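Could you build the full structure based on these sequences and the hints that come with them?
Taken in order, these protein sequences are the chains called A and B. Numbering-wise (this note's numbering), the first sequence opens with residue 1 and increments by one. Numbering-wise (this note's numbering), the second sequence opens with residue 1 and increments by one.
Keep in mind that the hints were calculated from the coordinates and are not lab data. There's no promise every hint is true.
To be verified - No farther apart than 16 Å at their CA atoms in a straight line, the calculated lysine to aspartate or glutamate pairs in the EDC-like style are these:
| hint | chain 1 | residue 1 | chain 2 | residue 2 |
| --- | --- | --- | --- | --- |
| 1 | A | K42 | A | E52 |
| 2 | A | K41 | B | D75 |
| 3 | B | K669 | B | E656 |
| 4 | B | K567 | B | E675 |
| 5 | A | K42 | B | D76 |
| 6 | A | K57 | B | D79 |
| 7 | A | K57 | B | E670 |
| 8 | B | K157 | B | D143 |
| 9 | A | K41 | B | E675 |
| 10 | B | K567 | B | E670 |
| 11 | B | K567 | B | E656 |
| 12 | B | K157 | B | D628 |
Since this is a predicted model, take the numbers as computed values, not measurements.
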Amino acid sequence: MRASISQFAYAVRTFWQGLRQWCGDSAYETYLACAQRQPAKKPMSPTEFYVEQLNRKYSRPNRCC
Amino acid sequence: MKRFLQILIWTAVAALGAVALGTIAFHRGEAINATWFVLAAACFYLVAFRFYSAFIAAKLLALDNSRATPAERHDDGRDFVPTNKWVLFGHHFAAIAGPGPLVGPTLAAQFGYLPGTLWLIVGAAFAGCVQDFVILFCSIRRDGKSLGEMARDEVSKRGGFIAQLAVLAIMVILLGVIALVVVNALKSSPWATFTLAMTIPIALLLGLYLRFLRPGRVLEASIIGVALVLFVVVAGQWVADSPALAKVFTLSGVALALWIIAYGFAASALPVWLLLAPRDYLSAFIKAGAIFSLAAGILLVRPLVLMPPLTRFVDGTGPVFAGKIFPFCFITIACGAISGFHSLISSGTTPKMIQREGQARFIGYGAMLMESFVGVMAMVAACAMTPGVYFAINSPASIVGATPEAAATTISSWGYPLTAGTMTGLAHAVGEQTLLNRAGGAPSLAVGMAQIFSSTIGGERLLSIWYHFAIMFEALFILTVLDAGTRVGRFMIQELGGRLWKPFGRTNWMPAVILSSAIIVGLWGYFLYQGVVDPLGGINSLWPLFGISNQLLAAVALVVATTILLKMGRLKWIWVTLVPMAWLVIITMTASYQKIFSPNVRIGFLSQASALAAQIASGRIAAAIIADTQRNIFNLRLDAAVTAVLAAMILVLIVEALAQWYAILSRGKEPVLHETPFVATQWAEGD
Chain A
1 MRASISQFAY AVRTFWQGLR QWCGDSAYET YLACAQRQPA KKPMSPTEFY
51 VEQLNRKYSR PNRCC
Chain B
1 MKRFLQILIW TAVAALGAVA LGTIAFHRGE AINATWFVLA AACFYLVAFR
51 FYSAFIAAKL LALDNSRATP AERHDDGRDF VPTNKWVLFG HHFAAIAGPG
101 PLVGPTLAAQ FGYLPGTLWL IVGAAFAGCV QDFVILFCSI RRDGKSLGEM
151 ARDEVSKRGG FIAQLAVLAI MVILLGVIAL VVVNALKSSP WATFTLAMTI
201 PIALLLGLYL RFLRPGRVLE ASIIGVALVL FVVVAGQWVA DSPALAKVFT
251 LSGVALALWI IAYGFAASAL PVWLLLAPRD YLSAFIKAGA IFSLAAGILL
301 VRPLVLMPPL TRFVDGTGPV FAGKIFPFCF ITIACGAISG FHSLISSGTT
351 PKMIQREGQA RFIGYGAMLM ESFVGVMAMV AACAMTPGVY FAINSPASIV
401 GATPEAAATT ISSWGYPLTA GTMTGLAHAV GEQTLLNRAG GAPSLAVGMA
451 QIFSSTIGGE RLLSIWYHFA IMFEALFILT VLDAGTRVGR FMIQELGGRL
501 WKPFGRTNWM PAVILSSAII VGLWGYFLYQ GVVDPLGGIN SLWPLFGISN
551 QLLAAVALVV ATTILLKMGR LKWIWVTLVP MAWLVIITMT ASYQKIFSPN
601 VRIGFLSQAS ALAAQIASGR IAAAIIADTQ RNIFNLRLDA AVTAVLAAMI
651 LVLIVEALAQ WYAILSRGKE PVLHETPFVA TQWAEGD
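Right under this line is the structure:
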């Protein structure tokens, strides 16, 4: 029973993480983890990252017909 | 034993698919259940994915999981982000799935369910999926380079420039025609217009929330946004019921076109975080929800497909658009089977996020199979309504008449029984004043979806809510393509203009932003306007133009892919890309020729222009509409010129590529491949 519950919890957690990644909710966390590997550069704030990311994303074809 | 079981299972899947395909192909007489369509498509896709995509991965591309992908080599947490393959599949599918696979099959249903369904299934497996998969692979091997860059590096400089121009031209036509679909869906509908208009303040609200209150918290903002959008779908009914408010939101086609043009300009010129991005978030969630609901609805309701396998309009006299099955069914279906635009996504974001080369098969080939399935569902939804109703909704007034009585008489005379009361009753049931003459596919698809949804939840009582939910869903994500496309078009114009005058290329310099936004909006706005005022409904001229341009772009992508594969020495398996490329060239060139030169005035742009000019010359056109007719003649000649230029550009690119191929095959020139050098992955297997 306990194993089933933990399996279910794992599945829910995986789905939730996937959903956050898919919609971009966790993009800043991903960026920060990457930026911490390069300590020479000061990482952007959440707002700076959000705006900069959108400007890049919507400057190339990202939605199809 | 395990192998024997595998063989047994795959034999059973293949046999079931063959039976289902055979049933929908040879069934005559009574209505057929939609379950056969789902079974045929699902089994065919499974077999194609298991065997054909595996063959391409192993023999043609020789995918190499030991090679580090761009996401691993350049991991920067911004563009290059190693992403779980399921999440990336969702990303890629959300990016490639637009209104095309919904609208195209709905329009092609005028030939009957069979030609469109077969091309959706077979075309996707052997052409669309191959294009997406191979271009994704080529881009991964080139650090995520775009199609234009690959064309320049691998074909020729001129080829790259042509590909870039073709993309811009196609974008302009695409945006004009999808805006026309929205106009035809919202015309004279206060409920639908109000609902869609309210998505703009909702998006602005989300934009401010995400920028200032909770930066980047997309999920919570989207939940709030989706709840508000669902509320305004219901609130639209109150607006439609209030005479004063209904008057405000009852707009003509021209007025709607002008509003959409103004919206496109605003979305392009305003900061992206304010309007464009939050709308995209809303659209992504609603799109995913609506597509899954439609799939679930079809499986639960298992509707009967009432459209015959082949209609009398296979002879080219169709009221929705003119032209025979070959080539017009193929260019009308477009994105559900193969879309040139996908090659821009496959050579855009996705290659920069993929973890392993081997995943290109699942993401590139698999996501396109799913898009094709969306097309099959749209075909089922359109064909589940009685053919008479389908033709009444999708035919222009100049062919079937503008009143229910006239439409019923004309359509019944074609052999598709329809009464005036059926159309009046249906319009009333979905909360509209009329459903006649709404060419474009969106309203008929919405009626089909609403009938399927209401059979699952709510019955007749909720038919009007479901109809307006479906219209909102279609219009919302069409507008998302429109605003994102306008902005990208603006960047392309700035890039081209920047070559002539440097300051124009600065994307943060306001005069350049405003001017380039005005140019791109003016270009697609012109096509939109000409479609709105076209007496044949616009779709007859513009959708084939869109289909031709989209399929031409696919031909460009396959030319680039074939060149790269030849340089890689894969001559033995080159037919994998060469055959679909040749097929696309044949259908697009035939369609282009017919659209320009056909003597049939409903098909040929020039013959229609000449016929109108002759009518003016002989005094058969009333003085009051001579100016309108002259503008119509100009538009028809313009459409002919645009078609000719597009076809000529692609022919030049093909000639460039043929010269390359000859040089490679005759060993006159050592092939130079612009791949990034091999770097071994540092990730362990299973990372």
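Problem - Which numbered hints fail - result: Hints 7, 8, 9 and 12 not satisfied by this model.
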